[in-house]
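Quick mapping for you: the protein sequence lines, in order, are chains A and B.
The first sequence runs contiguously to residue 113 in my numbering.
The second sequence runs contiguously to residue 110 in my numbering.
Check before you lean on any hint, since a few could be wrong.
Derived pair list, reagent style BS3-like, types lysine-lysine, alpha-carbon separation capped at 27 Å [said to hold, decoys possible]:
1) B/K56 <-> B/K68
2) A/K9 <-> B/K68
3) B/K56 <-> B/K41
4) B/K3 <-> A/K57
5) B/K17 <-> B/K56
6) B/K3 <-> B/K68
7) A/K57 <-> B/K41
8) B/K41 <-> B/K3
9) A/K57 <-> A/K9
Just so you know, the hints here were simulated from the structure itself, not pulled from any lab data.
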Amino acid sequence: DSGVTQTPKHLITATGQRVTLRCSPRSGDLSVYWYQQSLDQGLQFLIQYYNGEERAKGNILERFSAQQFPDLHSELNLSSLELGDSALYFCASSAGQAYNEQFFGPGTRLTVL
Amino acid sequence: ELKVEQNPLFLSMQEGKNYTIYCNYSTTSDRLYWYRQDPGKSLESLFVLLSNGAVKQEGRLMASLDTKARLSTLHITAAVHDLSATYFCAVMDTGNQFYFGTGTSLTVIP
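Here chain A stands alone, though its shape is the one from the complex (with noise of 0.2 Å):
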């Protein structure tokens, strides 16, 4: 266990929809990142928070939103879902910036139907 957790589990709705995926740190981390896993596009890096504040942007899309609350935890919104967008998302974080090592969250697994 990472400490690193994530919801929901999975995730399955419908093309056009809307979503938010949720993920709390381990307890005293202040960076979160966000990470797309597809058999088409791989291992993709989305969004980096640190301390509340956008550090990194990625491949990350329009329609993608994120943010990190004054707690800590973050949330990834997707809209006007799209088939392609069914992929494993990822949260990790770390103890400062990107140069420590991440700790991963179990995913959640989004399908758009």
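The hints should help you fit chain B onto chain A, whose structure is shown.
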């Protein structure tokens, strides 16, 4: 965009043998990460390499980084079945973005 290439993509090896997984990347970086993923599971961080010549070892795995050659290696010594998994390398660029390799699926055969 930074490109990361791993090889081999698939590796089947006998228990007790040694092998190396290679990770090449396209632009200058001195931040490289190795991860392990078991089937149906999340990722586990193995090594963080932050400077040229960095070498880290944990059990039967040893990772090294040559920033001049833009190459990292993950060496497996005397493989055991428990090492069967997919291994990913990832490189961070100067903008703190991560780029992942395609992964190496390792199967250790008794």
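Quick rundown of the hints versus the structure:
1. Restraint check for B/K56 and B/K68: satisfied, since their Cα atoms lie roughly 18 Å apart, inside the 27 Å limit.
2. Simply put, A/K9 and B/K68 have alpha-carbon atoms about 42 Å apart, too far for the 27 Å limit, and the pair is violated.
3. For the proposed pair B/K56 and B/K41, the alpha carbon gap of about 24 Å is at most 27 Å, so the pair holds.
4. A distance of roughly 17 Å separates the Cα atoms of B/K3 and A/K57; the hinted pair therefore holds under the 27 Å criterion.
5. Restraint check for B/K17 and B/K56: satisfied, since their Cα atoms lie roughly 20 Å apart, inside the 27 Å limit.
6. Restraint check: the Cα-Cα separation between B/K3 and B/K68 comes to about 16 Å, which is no more than 27 Å; the hinted pair holds.
7. For the hint linking A/K57 to B/K41, the alpha-carbon distance of about 25 Å falls within 27 Å, and the restraint holds.
8. At most 27 Å may separate the alpha-carbon atoms for a hinted pair to count; B/K41 and B/K3 meet this at roughly 25 Å.
9. A threshold of 27 Å between alpha carbons decides the hint, and for A/K57 with A/K9 the separation of about 24 Å falls inside it, so the pair holds.
Consistency note: the structure conflicts with earlier hint 2 alone.
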